[in-house]
Structures are given as C-alpha cells and as structure tokens.
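Turn these sequences into a full structure, and let the hints guide you.
In order, the protein sequence lines correspond to chains A and B.
Numbered per this note's numbering, the first sequence spans residues 1 to 246.
Numbered per this note's numbering, the second sequence spans residues 1 to 252.
Keep in mind that a hint or two might mislead.
[As the list claims (entries may be wrong)] Stretch-level coverage of chain B by chain A, calculated; a stretch enters the list once three of its residues show a Cβ under 8 Å from a Cβ in chain A: (1) 54-61; (2) 127-135; (3) 170-178.
Just so you know, these hints were derived from the structure itself, not from any lab.
For glycine and all other residues, C-beta sits at the position ideal for the given N, C-alpha and C.
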Amino acid sequence: MPEISQLPEVTISDCAAAVTASFADAFAELDGWRNELAGGETSVRPTDLDAHVEGLVIPALTGASPLFVGAGFIAAPGYVHGRDIHFAWWLGPQAGNPLLGSSSAATRLDFAARAYTDYVRDFRTLEWYQVPQSTNQTHVTGPYVDRLCTCEYIFTLTMPVRIGEGTPMLGVVGADISVRRLESIVLPLFLAADRPLALVNAVDRVVISTDPTVQVGQLASHSGDSVACSGLPFRVLVGPDRLPRF
Amino acid sequence: MEAHNRPGAREAIFAQLVDAGRTEQVTIRLTDAIILGVLAPDERLPSESDLARRFGVALITVREGLAVLRDAGLVETRRGRGGGSFVMKADAPHSTLVQARLHGLAQVDLSDMAVHFATIVEGCAQRAALRASEPDSDRLDLWLRGADFATVAGARTNAGGFYLELAVLSQSARLVRELIRLQAEFGPLLLLGMTDARARRSLLASNQAIAGAVRANDAAAARQFATEQVRSLAEWLLNAKARVERGGAWDA
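In structure tokens, the structure reads:
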C-alpha cells in the first residue's frame, strides 16, 4: 500500500461533513418558514394560516429540481381557532402515485379523508412531532417509506415553532426530502474514499453505502470506526460488517 | 449452465398496459369496496375530479362508472354544499351482489389472485422481520394492540392496515406501492370471511404471531405465518364461491 499519495484524499470526516452540508439548504429553508410563522400571535384563523403556509412552501415544492417532495406546518392543539388538529401540508407534483395519482402541480393533502384519520388522531405521539416538541430542536425522522403521501423512501425534517423561549410550541414546520436526493449529492464523495463506507441513522439503518453487501434499508452491524454527522442523527461507518441477516 | 437469454423479462417491459374496459374497472373497484364493506354507508366518495386523478382515467370514465353504481342503488348523488357521491345505506347486506360477484369470478382467477397476494405479503413479512429495529417492533405491537379485530368493519380495515405496516417495515417503496395496488384490486374479496367471528379471531392471532416473529427477527417464521394467513383467507373465499355455485348462500 502506498504510504503517501499525491492525490487529494477524501477522508471519512469529509464525507460526514458533506452529509451535514447537504441538509444545510433544507434547514435554512425551514428556519425561514419558522421565523415567518412565529409572528407573535398565540392563535390564528385557519384560512389565514393556510394562505401563509402555502405561500411559503410552494416554491420549495415546484420548479425544475425541487428541494422537497412535501412540506408544510402542523399546528399544536389550540393554536388554530377551534381546532384540536390542523395540518397545512402540500405535496409536490406526483407521477404515478398509487394513492394520489398524477398531478403536475403541488396539491394540498386532505387530512380529513378517512385513510388519514387514525394516523392524525395520534400525531402528537409521532416521532416527527414529539421529538422537536420535547427537545426544542430540529429533528430528522427516517429514512422510512411514506405510506400516506408520496409512497417514497424519505426523511422528514421538523422544526419547532415558538414565539419566544419558554413559550408553548405553536406547531412544527416540516418538509420531506427523498433519500434519492441526498444520494445524488453525497454518493460521489463516498465512492472516492479508499474504504467502504455506510451512512446510517440513529438505529444504524443504512441510507447510503459503498459496500454492495450492505444495502440501503438494512440494519448495519458495526465494530469499527465511525464519524458522526454534526447536527444530524447520522454517522458514517467505516468498513461496515458484512451482515449476518439480509 | 445454459446461458441464452429467455424472452420473458424483456418482453414484459412492453406488455400491454391495463387500458381496456376502464369504466368497468372503476365500477368493479367501487362496487367491491361497497358490497364487501370497505366503504361504509353514508361515507362520501372523493370528488369526481379527484377520483379521475387517482384512478388515472378521464373524468367522463368516472362519471360513467358512478352512473352504473347509482343505477345499482349503491351510491346516491347529493347536490349543493357538502354534496357529492355517498355510499347508500343498504336495507339488507348486499348479499345478492356478493353472490353475483363470486359467481362471476372463476375459481382459477380467485386462486391465482390469492397466490399473487400471498407472495407479496410473504415478502413483506420476511423483509420486515429482517429489517425491523426494536423501536419498529414496539410501534408494530402498539399498532396491533390498538387495532379492532372484534367487529367486521374493524377487521376488514385493520387486516389491510397490518399488511401495510409490514410493507412499510420492509423499507421497500416498491413493496408498499405493490401492496396498495393489490389491496385495491383484491383486498375486499380476500377479506370476505371477516363476517365470521372465528375467522376474525384467527386473523388476529396470526397477526400477533407475525409481529412476534418480526420482533425476534425470525424471517422464516414471519414468512410462514403470512403464508398460512393468506391461505386460510383464500380457503374461506373459495368455500364461499363453492357454496354459491351449489346454489346456496355465500355466508351460510
């Protein structure tokens, strides 16, 4: 093995940093929405809120290469006049979606439809709502197959919205980002590293891998080095173990 | 060691898309859902334009399909604010329509649909067991504990819901999509036997066994339980078909 190389080496830390950087645009977008929505009111009319959220999220869902596949705001109970539950959520254009068909424009998700009622009833216990509420931090849920909307393998990013520190949460701003998009940004760098790598989430589920025996969606087992991705519940495993189960 | 290319996989790419008889497909899909109890009386269907988008058909096709359902007394159209197409409350269960539906389907097709459905559900269960994390297993258990399998309507809804949970745990978007399509086509028929209290109890026990195998990461057991579950549902369906063909009632 050559000890010294003239080529610039891609380190594991570079890969971890690239993953963090690839989420920066998304977090900046959510942060902007959060500031817009934390307008000082402790309660809001549904039509006003919907119009406000729609104006914010549509640009991020449409266009040539949209950042998100879905985005919106989920209100805390009581924030929207007379409503225990209020979802203001839009989806980007869909092609051949088995649930929603195809559409060339962004569409609002109708959470009043029966298929969603069970899901919506328990939303306060769901990871993407509960974690930002209890930690007051941005959270990344997933990857998981979104069976309710896009039927794609996605992450859900959520950020708590509060008027000020210590005040009750008004809700969460959120966005869905596809695993495919993250891969297109960081896989080339992962492939340039001199050892096999796998990006995993907090339960060691594989998101991106440069070892074909360790595939996306599997749970990795690992005994070697790893580098955390700053600000994300992810880390990069170096030389992930071949998996005993597939 | 034979290495020549067989035509199957290549030709399948260009296989005909489902196109013929679209009005009939819309009619069958909605009729099954109504007579087999997946859509409840007084439930409002999505708007005509929404149905057209979801089914991927023209608006006129949806209108024709709804007209057939109206003539059959399965839906009614209400005008004005809050209007739309609503599932009619049946005076009696739709037994005659269920009889006709079972009579109209060949045994060979019912068996074949069950094979297709079983293959997908087995794959979902197997992959779910391989890929579920501990929090995933906790959520699956919680879901199952909260799901009603005691009533007919509950069992029909939640049987399909459990398959979907397994598909999600497989981490495969394709399996989720395929399962949704198959359930739309065959789910209501396959769950015909949920009128039978013993079948409901047995389905719940089977789901608990699958969830246990998922938690234990025992893929072979999860797969086996799924095989047995779909086989037992298919047997109920084929028995009902045989009763109809002998001139009896499907749920006798």
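For a quick check of understanding: which of the numbered hints are violated here, in increasing order?
Violated hints: none at all, because every hint is consistent with the structure.
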